[in-house]
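Visitor: Sequence:
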Amino acid sequence: MNDSVEPGLTTGAVARLLGVSPVTLRSWDRRYGIGPADHRVGGHRRWRPADIAVLREMCRLTAAGLPPAESARAARALRERDGHADGTAPRSGSDGTPGQAADRVPGPRSSPTPRSSPTPRSSPTPGGPPAGDRGLSAAGVRRECRGLARAAVRLDAPAVEELLDTLVARYGPVVAWEKVMVPVLHAVGRTWETSGDRYVEVEHLLSWHVSTALRRVPSPPARCPGDGAAPGPVLLACVPDEQHCLALEALAAGLGGSGVPYRMLGAAVPVEALGAAVRRTGPAAVVLWSQSRSTANVPLARDVAATGWGVRGARNTPAVLTAGPGWAGPRPAGVLRPLSLREALSALAGARGFSPAPGPA
1 MNDSVEPGLT
11 TGAVARLLGV
21 SPVTLRSWDR
31 RYGIGPADHR
41 VGGHRRWRPA
51 DIAVLREMCR
61 LTAAGLPPAE
71 SARAARALRE
81 RDGHADGTAP
91 RSGSDGTPGQ
101 AADRVPGPRS
111 SPTPRSSPTP
121 RSSPTPGGPP
131 AGDRGLSAAG
141 VRRECRGLAR
151 AAVRLDAPAV
161 EELLDTLVAR
171 YGPVVAWEKV
181 MVPVLHAVGR
191 TWETSGDRYV
201 EVEHLLSWHV
211 STALRRVPSP
221 PARCPGDGAA
231 PGPVLLACVP
241 DEQHCLALEA
251 LAAGLGGSGV
261 PYRMLGAAVP
271 VEALGAAVRR
281 TGPAAVVLWS
291 QSRSTANVPL
301 ARDVAATGWG
311 VRGARNTPAV
321 LTAGPGWAGP
331 RPAGVLRPLS
341 LREALSALAG
351 ARGFSPAPGP
361 A
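Numbering (full-length UniProt numbering), first residue to last: 1 to 361.
Be aware that a few hints might be false.
Claimed, not checked - If you anchor each label on the Cβ, the simulated ranges turn out as follows:
| hint | residue 1 | residue 2 | range |
| --- | --- | --- | --- |
| 1 | ALA333 | GLU272 | 41 to 51 angstroms |
| 2 | GLU272 | ARG315 | 44 to 54 angstroms |
| 3 | ASN316 | ARG142 | 42 to 52 angstroms |
| 4 | GLY275 | ARG312 | 11 to 21 angstroms |
Hints listed in this document are in silico derivations from the structure and should not be mistaken for laboratory results. Note that the structure is a prediction, hence the values are computed from the model and not measured. Even for Gly, the Cβ is constructed at its ideal location relative to N, Cα and C.
Can you build the whole structure from these sequences, using the hints too?
Guide: Structure below.
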């Protein structure tokens with residue numbers, strides 16, 4: 001965010017600037033003393049650059065998963081470190097802890113690691129096991145989920161983007177998806193379903209940024225099996241009428257991060273287009289995603305499994321995986337149905353002739 005804001009902003013203007021509701025700002029002021037210096041214009045409080053700097057720190061720390069009271073103490077410490085050039089006395093919050101107002105906005109500085117945040121770890125090796133199960137403890141999972149949910153509810157897009165990119169870089173796409181992204185997406189979905197369709201905008205913003213973070217996963221050079229053969233890519237597609245493809249994007253990120261080439265066709269792929277893509281690419285495997293029973297199409301899975309390519313007498317057919325909760329019923333013989341992202345990655349590695357990389361237990 002740009003720190004060059006004009007002094008004397010109203011509470012509503014600051015709320016829009018930071019993506020925090022005015023009610024939240026007033027609550028932080030009342031409970032924790034995170035408020036503007038005690039000056040008013042026309043009976044209304046005004047926020048100066050130093051006040052806004054403290055708010056930014058409060059937002060950053062709560063997005064990192066720290067409890068609000070602890071975040072407030074750290075944010076007030078920022079104000080105390082920077083001094084109070086205007087000579088104003090420290091102001092006290094409702095908990096009696098003094099805070100100070102400063103006129104100047106602090107320059108760039110290194111952000112201290114919150115004492116409750118996980119120890120940074122190097123990015124996982126492409127194609128190797130995810131690093132997260134060894135480094136993301138149960139407490140870490142709760143903290144990461146809490147921070148991401150808070151940032152999403154505030155519609156704080158920069159914080160959501162930074163948190164997701166950090167998660168994927170630190171733990172890999174598989175762990176980030178299973179341990180944090182899915183739980184937070186489910187929690188947000190349950191919230192708007194039980195609140196009269198409120199917070200739909202939160203789910204849309206979060207879904208968009210999850211998709212963006214997954215698509216940023218870098219792909220190392222494609223691996224070949226030990227015999228040197230070059231099997232076709234993995235073809236990823238949602239069945240016709242299926243619009244939900246976030247889980248398929250997580251699978252694509254896991255494949256790409258492991259050096260397995262894939263072709264993503266995305267949501268609601270027509271039957272004819274899917275058949276043409278199979279014949280043109282000669283895939284080692286095809287993954288058909290269905291989110292609900294109403295979109296699962298068993299005859300389609302059977303037809304894809306029978307679709308061949310190559311010269312007569314040496315025709316090839318792909319392995320077919322039906323993925324997603326929509327495929328809960330019977331499936332054609334020979335069609336695989338993985339029940340998790342890790343199962344799907346292992347099955348697809350096998351379909352391309354690889355021994356799955358050993359992952360965490």
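Visitor: Next step is simple, just say for each hint if it's right about the structure.
Guide: Checked hints:
1. ALA333 <-> GLU272: 41 to 51 angstroms: At 25 angstroms between Cβs, range violated.
2. GLU272 <-> ARG315: 44 to 54 angstroms: Violated - the Cβ-Cβ distance for GLU272 and ARG315, about 20 angstroms, lies outside 44 to 54 angstroms.
3. ASN316 <-> ARG142: 42 to 52 angstroms: 47 angstroms, holds
4. GLY275 <-> ARG312: 11 to 21 angstroms: Holds: the Cβ-Cβ distance is about 18 angstroms, inside 11 to 21 angstroms.
The structure is inconsistent with the numbered hints 1, 2, although it conforms to all the rest.
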